[in-house]
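Enquirer: Below are the chains, spelled out letter by letter.
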Amino acid sequence: MIERISHNQLFQLILANIRELIREPGVLFWGIIFPILMSLGLGVAFTRKKDVVTNIGVIGQTHFRKITVPDDKLGNNTFIFQSLTWKEAMIKLKRGNLNLILEEKNGAVQYHFDPMNPDAQLTYLKLARVLNTPTSLGKATNSEILPLKVNGTRYIDFLIPGLIAMGVMMSCMWGVSYAIIERRSKKLLRRMVATPMKRSNFLIALITVRVMMNFVEAGLLFLFAWLAFNITVQGNVAALFALFIAGNFAFAGIAIFISSHTAKTEVGNGLINALSMPMMVLSGVFFSYHNFPEWSIPVIQKFPLTMMADGIRSIMTEGAGFAETVLPIAILASTGLIFFVAGMKIFRWH
Amino acid sequence: MNVEPIIEIRNVHKSFKTVQAVRGIDLCISPGQFVAVLGPNGAGKTTLVEMIEGIQQPDFGDIFIMGKTWKGNEKYLRHLIGLSLQETHFIDKLSVWETLRLFASFFEIGKDRCEETLNLIGLEEKRKAWVVNLSGGQRQRLALGIALLNKPRVLLLDEPTTGLDPNARREIWAILLKLKNQLNTSLVLTTHYMEEAEQLCDYIVIIDHGKILKQGSIAELLGEIQDLPVKPLEIRKITLDDLFISLTGRHLND
Chain A
1 MIERISHNQL
11 FQLILANIRE
21 LIREPGVLFW
31 GIIFPILMSL
41 GLGVAFTRKK
51 DVVTNIGVIG
61 QTHFRKITVP
71 DDKLGNNTFI
81 FQSLTWKEAM
91 IKLKRGNLNL
101 ILEEKNGAVQ
111 YHFDPMNPDA
121 QLTYLKLARV
131 LNTPTSLGKA
141 TNSEILPLKV
151 NGTRYIDFLI
161 PGLIAMGVMM
171 SCMWGVSYAI
181 IERRSKKLLR
191 RMVATPMKRS
201 NFLIALITVR
211 VMMNFVEAGL
221 LFLFAWLAFN
231 ITVQGNVAAL
241 FALFIAGNFA
251 FAGIAIFISS
261 HTAKTEVGNG
271 LINALSMPMM
281 VLSGVFFSYH
291 NFPEWSIPVI
301 QKFPLTMMAD
311 GIRSIMTEGA
321 GFAETVLPIA
331 ILASTGLIFF
341 VAGMKIFRWH
Chain B
1 MNVEPIIEIR
11 NVHKSFKTVQ
21 AVRGIDLCIS
31 PGQFVAVLGP
41 NGAGKTTLVE
51 MIEGIQQPDF
61 GDIFIMGKTW
71 KGNEKYLRHL
81 IGLSLQETHF
91 IDKLSVWETL
101 RLFASFFEIG
111 KDRCEETLNL
121 IGLEEKRKAW
131 VVNLSGGQRQ
141 RLALGIALLN
151 KPRVLLLDEP
161 TTGLDPNARR
171 EIWAILLKLK
181 NQLNTSLVLT
191 THYMEEAEQL
201 CDYIVIIDHG
211 KILKQGSIAE
221 LLGEIQDLPV
231 KPLEIRKITL
241 DDLFISLTGR
251 HLND
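Chains A and B, in that order, give the protein sequences.
Counted the way the numbering used here counts, the first sequence spans residues 1 to 350.
Counted the way the numbering used here counts, the second sequence spans residues 1 to 254.
Among the hints, a few may not be true.
Partner residues are not named here, just some residues of chain A that face chain B (Cβ under 8 Å, in silico) [to be verified]:
| # | residue |
| --- | --- |
| 1 | Gln-9 |
| 2 | Ala-194 |
| 3 | Arg-199 |
| 4 | Ser-200 |
Think of the hints as simulated: they come from the structure by calculation, not from any bench.
The beta carbon of each residue, even a glycine, is placed where N, CA and C say it ideally should be.
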């Protein structure tokens, strides 16, 4: 039985891919860790805007809607106040649409935010200055800070799902796409296709090993987050599993499509970067995409990375289940299928 | 006795955009026959091999391998063919043994044949060495070993020794000569080296601009050179090099 399995071409292809992966630590670093570091760098650099618009949740009714503080040097600061219930405010906070909640109690303004979130801290400092200025709101000088420690509202709760989704995207893009292009450029595909190898087995093995690796990576990241920050899955684990698989399938399909034709690794690099970089920056991995102009948000929400990150976030922090995530799961799975089939139609083996 | 050809090529044409790579080639190769296809760069050698190999389809004409065309018979024919290219990079961080096992699995071949092949190509001592750590000659021997794993009826070697030093080249020749005496395999070899063709093959095909200029046994071809308009200037033993230059006006490596 074991001898029969060891003769099986799919088994040997999977084994070859695993061996190649574990014997090349550079693949792990350049394929996964480096893009994360790079995107972190971009996230830090991408902080200064001409006008900073910040949404503030106000529990209960508020008579003012908007305050703009002119600042010639750093750009204007605009605070938009939304009257919300606690439940609505918490959902918006978890989704990154707000980072600070105001509540008036016994004549004092209470600020609710995650003290570990630098954006929230900055908002608090700016807003406190505005609210304590007699010309803008004379009576609100008596205030206190109430740190939010509820799981799901902290910056780290926002960050981890984004990192998991981004890890899957980068791993598929580099691990599947680049591997195919490199093997084509080195004529290994041509050599393999001259044998009775089942062509689908080659791709199945590549994707299988990549998904296995993504599970290990996401699992380790989650384990770290659980141990260090007490992050838990508040929603349906089966839905999270399904979403993770659908996301892997979507990115693997896209990876096969973009690597279906070219034999030049330079072109492959360009294609992978052209596709993954905008998603890394725009899809709400490190900060909410609600910071981008209103018109761009419906477009950003249709990116596979946004769908995956938002879906994982809703399950992990908002307690969502299949009912809330069935649509992104179906769209991601369909995306994978469409790109996979289209990629196979135009796939060049030599 | 009339022997059925193992490869039969009938009036094959192939073009790429504006380039006519192959223009009306006819060729029959018998079982066990070793055939060298000689030609300068761009002559159409590789396109011809790719069409025999089934990865390019002729625009016109037919290619039969053991009486079958590629259409509808790909799975069957892939089991009959062994291939080695001028340069194939196998997976760098797989060992020699792992690489043989991987390719053997495509043919559903077990460990015993891998062991035999390892002995045949003389890489027993390198069994555990990663491909990336092999010399150029050793890599080419591994490529040849992979081509021989399935005991092919047709072995296609596309410039298998180009870029190798003379010793490494002779090691490849030794394996092929051993094979010639052991298996009933037909060989189609494209090469830049006249000496290689003379050492290994009993039948020579000279092509240029996609057409066969001459074909025959070495003795036949050398006999014909007396009738050619351009003759070697020096008084010495006439070689295939002289014949090639007389036919094409170029050196083989041009």
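Enquirer: Now tell me if each hint is right for this structure.
Expert: Tested hints:
{"no.": "1", "hint": "Gln-9", "verdict": "4 Å, holds"}
{"no.": "2", "hint": "Ala-194", "verdict": "4 Å, holds"}
{"no.": "3", "hint": "Arg-199", "verdict": "11 Å, violated"}
{"no.": "4", "hint": "Ser-200", "verdict": "13 Å, violated"}
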